[in-house]
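Q: Everything in the sequence shown is counted per full-length UniProt numbering, starting at 1 for the first residue and increasing by one.
Mixed in with the good hints, there may be bad ones.
Using 30 Å as the maximum straight-line C-alpha spacing, the simulated DSS-like pairs for lysine-lysine come out as follows [said to hold, decoys possible]:
#	residue 1	residue 2
1	K262	K242
2	K164	K8
3	K292	K224
Hints are computed from structural coordinates only; laboratory data are not their basis.
A quick note: this is a predicted structure, and the numbers were derived from the prediction, not measured.
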Amino acid sequence: MNTSALEKLYAKFVPVAGSGLPADTRREIGHFDVFNLENRRPGHSYQPPMPFDRQRFYKVSLIHGHSRIEYTDHAIDIQGSTLFLATPHVPYRWVPQTATPTGYFCIFTDEFLLPAKGGMVLDELPVFQPDAYPVRAVTAEQAAAVEAIFRKMAQELASDYAYKYDLLRAYLLELLHFTQKLQPAAERVPTHSAATRIATRFTELLEQQFPLHGTPVRRLRTAKEYADALAMHINHLNRALKETTGHTTTELLGQRTAQEAKLLLKQSDRGIAEIADQLGFTDVAHFCTFFKRQTGLTPGKYRG
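Use the sequences and the hints to build the structure in full.
A: Structural data, given as structure tokens:
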């Protein structure tokens with residue numbers, strides 16, 4: 001868990017049950033908490049926009065009112081009641097378009113659900129796929145059902161019931177399955193094939209190489225290095241990724257590197273040479289050639 005990200009979150013919002021899970025409990029079972037968007041701490045407002053960041057936890061939000069969700073290089077304007085799902089793998093920014101948005105959100109780590117989820121793998125659920133559409137408009141009836149789940153979570157967090165964490169896991173699973181049922185029928189059933197498991201492991205390893213902030217840790221750069229890290233032949237990795245994504249390892253590496261370059265160019269004040277170095281390019285010219293091949297623009301023109 002990224003402590004600084006949590007500190008920033010708790011500096012803005014008061015959790016529904018006060019201080020959230022005790023620190024010793026979080027160490028044992030993972031992190032979980034629920035927030036009401038109206039419970040802002042004194043002095044905190046929704047302007048300027050929330051930072052564009054990649055968190056180290058999952059987040060499910062029910063948002064009422066006009067807002068904009070920005071993630072990777074997409075922007076979605078939302079009205080009415082909307083469910084928004086965020087994962088640790090995709091950075092995003094929530095930009096309220098009204099002064100007083102309302103709703104609820106919960107945050108949780110994979111560890112929190114481990115005792116309850118059985119064979120379910122969060123990152124294999126269609127709603128948490130990297131290319132999944134993270135925003136779902138809901139009807140008034142659906143919004144009321146989701147709010148009821150959040151209220152049950154809030155009530156249980158404040159209780160002294162001996163098995164409340166088991167009950168909270170059940171409520172969280174109820175919320176995830178409710179959201180999953182909003183997916184088109186053809187997308188509801190995740191596959192658990194060997195190729196899918198390999199693709200999931202590859203995605204996790206790939207995301208570890210791209211911290212949006214902090215010290216660069218990109219150790220792996222080539223398709224062979226990823227295959228070696230996953231203890232398999234490069235041909236085996238390529239076949240699995242081609243089957244599940246339609247792209248080769250090298251293509252996915254290029255796409256993800258270009259995506260991170262776009263984020264850094266738009267959302268940071270780092271120089272192009274610094275970004276090139278962070279992303280593992282030996283010189284700026286090589287980076288510029290790569291970026292133009294991927295996007296059709298030079299880094300300078302893309303940054304504007």
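Q: Compare the structure with each hint and give your call.
A: Cross-check of the supplied hints:
Taken as a hint, the K262 and K242 pair is honoured in the structure, with Cα atoms around 25 Å apart against an allowance of 30 Å. For the given pair, K164 sits about 27 Å from K8 by alpha-carbon distance, which is consistent with the 30 Å threshold. Under the criterion of a C-alpha separation no larger than 30 Å, the hint pairing K292 with K224 is consistent with the structure, at around 24 Å.
Hint check: no violations occur; every hint is consistent with the structure.
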